[in-house]
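Visitor: Spelled out from the first residue to the last, the chains are:
Protein chains: 2
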Amino acid sequence: MNIRLVLYILGALLIFMGLSLLVPAMVAYIYQEGDLNSFLITAGITIVAGLLMMLVFRSKEEIRIKEGFALVTLGWLFFALFGALPFVISGFIPSYTDAFFETMSGFTTTGATILTDIEILPHGLLFWRSFTHWLGGMGIILLSLAILPLLGVGGMQLYRAEVPGPEADKLSPRIKDTAKILWEVYLLISVIEAVLLYAAGMNIFDSICHTFGTMATGGFSTKNASIGYYNSAPIDYIIIIFMLMAGTNFSLHYKALRGKVFAYWKDPEAVFYIFLVYTGTLIIGIDIFVFRDYGFFEAIQKGLFQAVSIITTTGFGTDDYEKWGASAQVILFLFMFFGGSAGSTGGGIKIIRLLILVKFGINELKRMLHPSAVLPVRIGKRTVPKEIVGNITGFFMFYMALFVVGVMVMSLLGLDFLSAFGAVAATIGNIGPGLGSVGPTDNYAHIPVVGKWVLSFLMLVGRLEIFTVIVILTPVFWRK
Amino acid sequence: MNIRLVLYILGALLIFMGLSLLVPAMVAYIYQEGDLNSFLITAGITIVAGLLMMLVFRSKEEIRIKEGFALVTLGWLFFALFGALPFVISGFIPSYTDAFFETMSGFTTTGATILTDIEILPHGLLFWRSFTHWLGGMGIILLSLAILPLLGVGGMQLYRAEVPGPEADKLSPRIKDTAKILWEVYLLISVIEAVLLYAAGMNIFDSICHTFGTMATGGFSTKNASIGYYNSAPIDYIIIIFMLMAGTNFSLHYKALRGKVFAYWKDPEAVFYIFLVYTGTLIIGIDIFVFRDYGFFEAIQKGLFQAVSIITTTGFGTDDYEKWGASAQVILFLFMFFGGSAGSTGGGIKIIRLLILVKFGINELKRMLHPSAVLPVRIGKRTVPKEIVGNITGFFMFYMALFVVGVMVMSLLGLDFLSAFGAVAATIGNIGPGLGSVGPTDNYAHIPVVGKWVLSFLMLVGRLEIFTVIVILTPVFWRK
Numbered sequence: 002m003n004i005r006l007v008l009y010i011l012g013a014l015l016i017f018m019g020l021s022l023l024v025p026a027m028v029a030y031i032y033q034e035g036d037l038n039s040f041l042i043t044a045g046i047t048i049v050a051g052l053l054m055m056l057v058f059r060s061k062e063e064i065r066i067k068e069g070f071a072l073v074t075l076g077w078l079f080f081a082l083f084g085a086l087p088f089v090i091s092g093f094i095p096s097y098t099d100a101f102f103e104t105m106s107g108f109t110t111t112g113a114t115i116l117t118d119i120e121i122l123p124h125g126l127l128f129w130r131s132f133t134h135w136l137g138g139m140g141i142i143l144l145s146l147a148i149l150p151l152l153g154v155g156g157m158q159l160y161r162a163e164v165p166g167p168e169a170d171k172l173s174p175r176i177k178d179t180a181k182i183l184w185e186v187y188l189l190i191s192v193i194e195a196v197l198l199y200a201a202g203m204n205i206f207d208s209i210c211h212t213f214g215t216m217a218t219g220g221f222s223t224k225n226a227s228i229g230y231y232n233s234a235p236i237d238y239i240i241i242i243f244m245l246m247a248g249t250n251f252s253l254h255y256k257a258l259r260g261k262v263f264a265y266w267k268d269p270e271a272v273f274y275i276f277l278v279y280t281g282t283l284i285i286g287i288d289i290f291v292f293r294d295y296g297f298f299e300a301i302q303k304g305l306f307q308a309v310s311i312i313t314t315t316g317f318g319t320d321d322y323e324k325w326g327a328s329a330q331v332i333l334f335l336f337m338f339f340g341g342s343a344g345s346t347g348g349g350i351k352i353i354r355l356l357i358l359v360k361f362g363i364n365e366l367k368r369m370l371h372p373s374a375v376l377p378v379r380i381g382k383r384t385v386p387k388e389i390v391g392n393i394t395g396f397f398m399f400y401m402a403l404f405v406v407g408v409m410v411m412s413l414l415g416l417d418f419l420s421a422f423g424a425v426a427a428t429i430g431n432i433g434p435g436l437g438s439v440g441p442t443d444n445y446a447h448i449p450v451v452g453k454w455v456l457s458f459l460m461l462v463g464r465l466e467i468f469t470v471i472v473i474l475t476p477v478f479w480r481k
Numbered sequence: 002m003n004i005r006l007v008l009y010i011l012g013a014l015l016i017f018m019g020l021s022l023l024v025p026a027m028v029a030y031i032y033q034e035g036d037l038n039s040f041l042i043t044a045g046i047t048i049v050a051g052l053l054m055m056l057v058f059r060s061k062e063e064i065r066i067k068e069g070f071a072l073v074t075l076g077w078l079f080f081a082l083f084g085a086l087p088f089v090i091s092g093f094i095p096s097y098t099d100a101f102f103e104t105m106s107g108f109t110t111t112g113a114t115i116l117t118d119i120e121i122l123p124h125g126l127l128f129w130r131s132f133t134h135w136l137g138g139m140g141i142i143l144l145s146l147a148i149l150p151l152l153g154v155g156g157m158q159l160y161r162a163e164v165p166g167p168e169a170d171k172l173s174p175r176i177k178d179t180a181k182i183l184w185e186v187y188l189l190i191s192v193i194e195a196v197l198l199y200a201a202g203m204n205i206f207d208s209i210c211h212t213f214g215t216m217a218t219g220g221f222s223t224k225n226a227s228i229g230y231y232n233s234a235p236i237d238y239i240i241i242i243f244m245l246m247a248g249t250n251f252s253l254h255y256k257a258l259r260g261k262v263f264a265y266w267k268d269p270e271a272v273f274y275i276f277l278v279y280t281g282t283l284i285i286g287i288d289i290f291v292f293r294d295y296g297f298f299e300a301i302q303k304g305l306f307q308a309v310s311i312i313t314t315t316g317f318g319t320d321d322y323e324k325w326g327a328s329a330q331v332i333l334f335l336f337m338f339f340g341g342s343a344g345s346t347g348g349g350i351k352i353i354r355l356l357i358l359v360k361f362g363i364n365e366l367k368r369m370l371h372p373s374a375v376l377p378v379r380i381g382k383r384t385v386p387k388e389i390v391g392n393i394t395g396f397f398m399f400y401m402a403l404f405v406v407g408v409m410v411m412s413l414l415g416l417d418f419l420s421a422f423g424a425v426a427a428t429i430g431n432i433g434p435g436l437g438s439v440g441p442t443d444n445y446a447h448i449p450v451v452g453k454w455v456l457s458f459l460m461l462v463g464r465l466e467i468f469t470v471i472v473i474l475t476p477v478f479w480r481k
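Those protein sequences? They're chains A and B, same order as listed. For the first sequence, the numbering used here assigns the number 2 to the initial residue and increments by one for each residue that follows. For the second sequence, the numbering used here assigns the number 2 to the initial residue and increments by one for each residue that follows.
You may find that some hints are simply not true.
Since the list gives no way to pick out one identical chain from another, each pair is judged satisfied if it fits inside one copy or across any two copies.
[To be verified] Heads up, simulated SDA-like pairs for lysine to any residue below, C-alpha to C-alpha not over 25 Å straight-line:
id, residue 1, residue 2
1, Lys360, Arg480
2, Lys324, Asp417
3, Lys67, Ser373
4, Lys387, Val359
5, Lys360, Trp479
6, Lys367, Leu72
7, Lys387, Ile363
8, Lys360, Ile473
Derived from the structure by calculation, the hints contain no laboratory data. As the structure is a computational prediction, the values presented were derived from the model and not from experiment.
Full structure from sequences and hints, please.
Guide: Written out as structure tokens, the structure is:
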């Protein structure tokens, strides 16, 4: 491990973050609500820290696999560590633990909050909260489409072979060019959503903040009642569509923008994803239409919104799903695990992994009757290499093991059964709201301090595809 | 599929079951509580049905793999179908659905009951309930050590290579001889337990019935308060020890009886099993000692009893664990999935599979850093073949998928979140008591009729290592 090199690049990233703090600073300057200084001070601290790191650890070596893992993990960690400062300095979140939790929740696009009243925050801080989502979301797309495939994490190398995105078209073989293309796609779709939300009746500030929350599948809102505040069908459906897009592989959007609009239907992951959303909405819709006396169109609107919000791991809400029937809740709980598509901003296990696991299971069943048959796992017309199937089953096991250990720890810290399940599923899957005492109308304020750090860790591990973080914690990683 | 051959052998099995009904008939004759006729009528029906099947489908062909699967599944199904009759004929369980659920619960060694008052049953029926456990437990040992390895189910071929049991020692290469040896071990340990329970103060009838429940890791009791009725430390500890033994590979007991008492410590599965029990007891013990004001020795006794009762999938109770802290409940919920050892009467995923999954996961982590490394899964000094690792991960996925679908169905039938989770985990893992409305002080009486059939199916699928039953439901199985 070349720690100098890692710290050198981290320095550059911190300077980038310091500069990006000037955006909420501008918002704070416009609204004049007393939070401007907290951004300027934090920007100063972050940029100086970044410059010092670059000077002290000046390095020109090549990044190898270990440095890659360390850089990604420490990058997210440092962003949360420094990004939490404006909340503390401004005094609106006095506890550093709380501010760190909130910022990690932002950068990991989770959307779990410790705030009991969101609306008392000044506009600058509200903007920063949502902006961390958007930056984190952009980071995740880059990571999953440009960086992780090189590191071979979690079967991510598959997506490259599976979905011929920008890089496979040899359009831009280097990370920088891929980054530029994806950034343009991300920005373009964001601008469209913001305009549509504004046209549907949101003010400019809220439309931008909710666009950040949607595109990153984050879920931070500027309102205590989340999207339910607007009580508007157009706004609900706009957000549903853009959550779905944010949960889809961005390579497909890139292709669609270049005229290949059928790219979605040719992609087995996107098709399976829509199938899951459809099935989930159907079950939830029936549940709340039949058993909860919702109107027909209301049941579709609310069922679809919540199904999409959870499976894309966004976590926006228009209703309290804890008051729905058990079947709706079970679907939503499952969806917390399923997550978005690979190469999207969505978290969770990811649809492509589920698809491969399902096909692998079916093959094992066939092998019962034909023990010597050779049965490769196929996705579309491609055969998934054995190593990737192994990697994905390993990923699934680590995900479940982390979930189980997380639930154990949270219940030892005093959470009840349901809340522990909900809190861990909602953080490791980067959803936000969970069940029980961390349900859609609650928040994470009451979690004990240790619990907040544990959940922050789970957000990070879940966001970075498990292996990226875990591998750093193994002795093998540190061996020369 | 040679259905004639399957029905012919099923006929023979039914005759065996008809004859075994004469044992509870004797008990009924002794106690004279009006249930004698129900046994004699059922024995008559069953034996006649068996004879007819043997005559009509007379066959001398060889059993191949498909017939093996069908025979095992239909065998358990027919036993439950006919075994339910005494409850219905005697009028003590008027609903056939309820009687079938109860009997399937017995033969699958689950121990989930629909009875709201166990103690009003006559002794003959109580004995039959417990006897179905014991017969089912014997069937399971035979199945997992002698039959399933031949069919290659769920990585079961592993145990044969891993634990050199009777057959690997070439002592008895044929199923019949293996069966005889295992039957003797099973009977011997049962006799010892019954004698000890009698010495500790149970009456003869209860000591025999509870021995049946223990040795089969079943869990049916003759008392409403289960083992808690006796409120006796010696009885608790005797049952703890015999539950542990029943959850251990019977090949090891056979070896130990032949003087190789260290066989247990040389077996990685048995060691991991004890490690899990120890850890679970520690966490539960701390939970109820610190947060629930139990005395020190009481916390050990109750914690150990419940940990062992659940991980071995027995389901006996001495306390209401739903009143314990969340950490104790989470451990018990996990243990519902873990289950006993291979080649034992315990259900669940099985310890050896967990061990292999853990090692497989660790290997995948190592592969992150060394993508081209060859890393076989090792258990003890043996390398687990890749096919078996694949089979076990496939098993795990089907187990989880069935759990998820089961929870979905039960919640659609109106069960709340926690009860649906508990009921499905407790039936697919063959434990018995679950959580929520099917917790340790409750029963399954209130489950809707459709739900009772679904849970009965889950008991069967879980008991027969998932694949055995599922494979029969695939179109491939029925293709010529």
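Visitor: Confirm or reject each hint.
Guide: How the hints compare with the structure:
no. : hint               : result
1   : Lys360 with Arg480 : between (37 Å within a copy, 20 Å between copies)
2   : Lys324 with Asp417 : both (18 Å within a copy, 11 Å between copies)
3   : Lys67 with Ser373  : between (39 Å within a copy, 15 Å between copies)
4   : Lys387 with Val359 : both (15 Å within a copy, 19 Å between copies)
5   : Lys360 with Trp479 : between (36 Å within a copy, 20 Å between copies)
6   : Lys367 with Leu72  : between (43 Å within a copy, 19 Å between copies)
7   : Lys387 with Ile363 : both (15 Å within a copy, 17 Å between copies)
8   : Lys360 with Ile473 : between (31 Å within a copy, 18 Å between copies)
In summary, the structure agrees with every hint in the numbered list given earlier.
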